[in-house]
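**Student:** Residues per chain, in single letters:
There are 2 protein chains.
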Amino acid sequence: MKKNQSVILEFIESIYDEYKDLHDGAVADYIPELGLADPNWFGIVIATVDGKLYTVGDTDKEFTIQSISKAYTYAIALEDNGVDHVLSKVGIEPSGDLFNAISLNENGRPANPMINAGAIATTGLVKSDGSEVIEKIRDKYSQFAGRELSIDKKVYQSESNTGHRNRAIGHMLRNFNIIESDPNPILENYFQQCSILVNCKDLAVMAATLANNGINPVTNNRVIDNQYVKNVLSVMSSCGMYDYSGSWMYNIGLPAKSGVGGGILTVLPGQLGIAVFSPPLDDKGNSCRGIKVLERLSQKLNLHTFNVNELSPNAFIRSTLNLTSMSSNKRRNQQETDLLTEHGESVLIFTLQGNITFSSYELIMRAVLSSLNNTKYVVFNLGRVFDVDSHIVELFLKLFHQLSKMDTTLLFCEEDGNLGLSKYFLVEDKEHKNLFFEKLMDVVEWLEDEIIDLYIPRKRDDIAFELKDFKVCNTLNIEDINYLKEKLEPVVFEKTDIIIGQGEDADSLFFLTKGNVDVSFKADHKIHKVASCGPGNLVGEMAIVASGPRSAYITAASAKVECLKLSLHDYEKMSTEAPNLKLELLKNIANDLSEKLRIANKNIQLLI
Amino acid sequence: MKKNQSVILEFIESIYDEYKDLHDGAVADYIPELGLADPNWFGIVIATVDGKLYTVGDTDKEFTIQSISKAYTYAIALEDNGVDHVLSKVGIEPSGDLFNAISLNENGRPANPMINAGAIATTGLVKSDGSEVIEKIRDKYSQFAGRELSIDKKVYQSESNTGHRNRAIGHMLRNFNIIESDPNPILENYFQQCSILVNCKDLAVMAATLANNGINPVTNNRVIDNQYVKNVLSVMSSCGMYDYSGSWMYNIGLPAKSGVGGGILTVLPGQLGIAVFSPPLDDKGNSCRGIKVLERLSQKLNLHTFNVNELSPNAFIRSTLNLTSMSSNKRRNQQETDLLTEHGESVLIFTLQGNITFSSYELIMRAVLSSLNNTKYVVFNLGRVFDVDSHIVELFLKLFHQLSKMDTTLLFCEEDGNLGLSKYFLVEDKEHKNLFFEKLMDVVEWLEDEIIDLYIPRKRDDIAFELKDFKVCNTLNIEDINYLKEKLEPVVFEKTDIIIGQGEDADSLFFLTKGNVDVSFKADHKIHKVASCGPGNLVGEMAIVASGPRSAYITAASAKVECLKLSLHDYEKMSTEAPNLKLELLKNIANDLSEKLRIANKNIQLLI
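Listed in order, the protein sequences are those of chains G and L. The first sequence begins at 1 in this note's numbering and counts up by one. The second sequence begins at 1 in this note's numbering and counts up by one.
Think of the hints as simulated: they come from the structure by calculation, not from any bench. Accuracy of the hints is not assured; some may be wrong.
Since the list gives no way to pick out one identical chain from another, each pair is judged satisfied if it fits inside one copy or across any two copies.
To be verified - Pairs of lysine-lysine residues, derived as DSSO-like cross-links and limited to a Cα-Cα distance of at most 27 Å, are as follows: (1) K300 to K284; (2) K514 to K495; (3) K398 to K20; (4) K52 to K405; (5) K52 to K398.
This one's a predicted model, so the numbers in the text were calculated from it and none came from an experiment.
Let's have the full structure, built from the sequences with the hints guiding it.
**Tutor:** What follows is the structure in structure tokens.
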């Protein structure tokens, strides 16, 4: 046994051991081929929706799929004809009758596709795509299973030779025009479909393909249009286990289908496919061990569809932040920092997570609306959301409009645009493309700029900062400022100019007086932007606190960037010429660092 | 309309408007009282599992509960008798027959509790708790609805006077001993139960109580033992809509129950209860508008039970960290920092989130096992997990033992112990209580200590640090060290001694040479520990970079704490006596801060 499978595999083995000595039931023997099955054959497979298989027992042994085929041919028929046409030919109500009952209503329509009458009618609905219909069915089943399946010719011949009751049903269906052509070829297809050979692993993958919305989780190929998956699962849940279906839903609570070959498969939508193979059947035609094993698994693992998984807003709202709690990496001068402290609460950032369905949307929306308080911006950070139900995108749009009326702008942060939310907004209004950001730190920086712009009614790129207004200079006296000014050399950069290169020797630091710069580093042949920085800040100051080469690139991000450059040589000279100025500068730098550390630690507390 | 309801309320109103002019169907008139209903009455209510109600239309108008009562009396009967006894009297298979069919099997057992025969038998199973049985039923329904309900005496009298078919059923049930006493009082109880008056809001809350695992979300009182909820929902899903049940599951896909009074309720387990009230019925006895509205809601909001909500490991594993990526707030000296850099990957911290069920467990376990690489500790940080399915705690225990065999220790971090996971571990082995931590930062600190202990085989509390080994001193020459030594005053503290008091004037800083100290601050009358600090670190050094009073408490955390104290006075004197030493110290402090800031920013990137 592999180390990395053992806990779950061990668990399945314990269930296997619990039932391997159960000898109830009898192998089907209405045709001699089925009677040859060894009653001791027994296999269990659990397949996950990402294609992991846990297998115990006889999971490679082949047997005929029999009635399990009904669910899969129903899927094909839905895809070929659409729901309405299929419903006009075959109903979806449990019949309360045995599987081989004729159960036609007054118009000849079979009660549901899981009884033989409905299944034969369903096979009749599969459309040829050029090849033989049975070849299409075999090929589709193979796609569901993820390997080439074949037909057991002997079983087929026996089924065909002895299928008098099914032939009668076929002709009745023809009589009522449910089948609109000669029923005989359809019956042959049906007998062959039931005789397709599968093993327990195949069934688990076939089940997992339904659990995975129609995509085979092993091959990653789509086998059936996802819109029909819930139809197939609904019919399996109401009619899949013959006249044991009500009990099945009550005790096990999962869509399932069994066959007289001894197979049962069951689907935990979005999560698992489970198959059991054991030929001895109970008097309802379901595998005895199969029922017991699945009952036990459902109970032990709490798989019942109607288990209540509680919702909690915390499950979907990972955090709620504002611009006083969360800061971008853009360095701000004192005036800007003060403005953000005062007005940062007018921005609310909700980091959402999980799967956004109607109920989670409702919880989120309620939390948002109850948090509003002169809020100018609401951001939904969707970086950890892995699905937004397309059905409720409309409600996001409505919320957008509602907030607009309250002068609150709704923004989205959607890393790599995977969710495709923006396209719904674009349809309505081209302007909305500006509502989508890719990185949280980008939207935080943008919002900080917006808030600052509201209160500093100038184009910030035009501000030229005075040396005395720099945070690191705010304790210097006029003599020190003047001394410093003498040492500083004005330098000008244009957009994208490299001010400092990563890996260079550090020979200077810069007082940024005008424009913005970006801080980035190169790793794995890529440039990663980590921060930006506006006027009033020092850049490259690590040169004076740490030794070693420059750890990052500093590049001009505005059309024109103006700096005052202090060479390391002049800085060092201060030790003798102006030691107190040097000490004061260093102290202010340390103070600035400690303030940034305090903010960073607060961000960590918020994010933990 | 209130601002904070409008998006969802508007949406429900749009559905209401869509169907208010639908005039299909006819009001039930088999007794005159029902015939009085106005066919225009129409209400829709959505209730969430946290007790929020969205109401549109005639949602206060009272009407008789009728067959919806069958589901709730079934819940009471299960609680009074247990599942096995109830199943011996009433089956759970759809009958395929009309609601008033007798549908008894060969032993007289009704097919299911949603047809009249089964419902009457179910009413017969309700046990008196001292009061009259009907009073108990009325009281229980009132608890489900969250307000006192009453019986419409006129409707009851009419039902009783005209209920010949039901009386016949009652006597048949007595004949087969399904009812073991005089059927007449049971029939009277049944007629009264059907005549209980509810409004559309009541039905939504009754549905939400089932959605909420048996706890009324408005009153927060438990109404029914949660183990029976899935039984009730299963029967509602397979038999709740009479012979429209299969179609209901196919089209709407939610457990539901309707009554001839015009009510329908439906349950989205764990999420919502929805009720619609509109008296005109279709020929199957279900409210016409009710069916249409619920069909539309299910479709528009994607509520079908078998919608596939995809699982993704990312949904459950919020982050995977190790001790090189994540650091505690305990300040480490250079040797310790180096050790953690080298060996920090031998600890893996998985921050889990959401609801841990079997499938999410399987994904998590697989991610854990595939990440192992000479791993000494695995931590499950459960701070954001809101439920661990009790059924799978056993699998956590198994994983614990599996990892033990691989010399990997599994730890849990479970803030406030809400999940109660520790009690399962305690049962097995008392030692396991040491596997549970309350705070992530505590477990990180503990693990750092463990890793360091592995490689520094001394009791760290006994190490006395030399001044030259301090990180902030590592660039000082021997003269500077000696100068500094002269200025330093040894001070000794005992456990819990306050070394620095928050709010005090800062007059000194301390070189911590032996023992550990805690850093904490007082806010809201509580002490919050924010960090700890071991020998080799400076404490109180903010005194020299920032002005103002002390921002935190520093207290002795070891039995004996030894420091070398530098007064601010002596520090200031260095400006003239040893300016280069002062500059060097300050530079090293700034360098240390910038290194901490780098780590903090990395932590933020990991946590975002």
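**Student:** Within a copy, between copies, both or neither: where do K514 and K495 come within 27 Å Cα-Cα?
**Tutor:** The answer is within: 12 Å in one copy meets 27 Å, while 53 Å across copies does not.
**Student:** Tell me, please, which holds for K52 and K398 at an alpha-carbon limit of 27 Å: within, between, both or neither?
**Tutor:** Cα proximity of K52 and K398: across copies only (20 Å, versus 40 Å in one copy).
**Student:** Classify it for me, K398 with K20: is the Cα-Cα distance of at most 27 Å met within a copy, between copies, both or neither?
**Tutor:** between (57 Å within a copy, 22 Å between copies)
**Student:** Between copies, within a copy, both or neither: which fits K52 and K405 at Cα up to 27 Å?
**Tutor:** between (49 Å within a copy, 24 Å between copies)
**Student:** Could you figure out if K300 and K284 sit no more than 27 Å apart (CA to CA) within one copy, between two copies, both or neither?
**Tutor:** within (25 Å within a copy, 38 Å between copies)
Every hint, counting from the list given before, is met by this structure.
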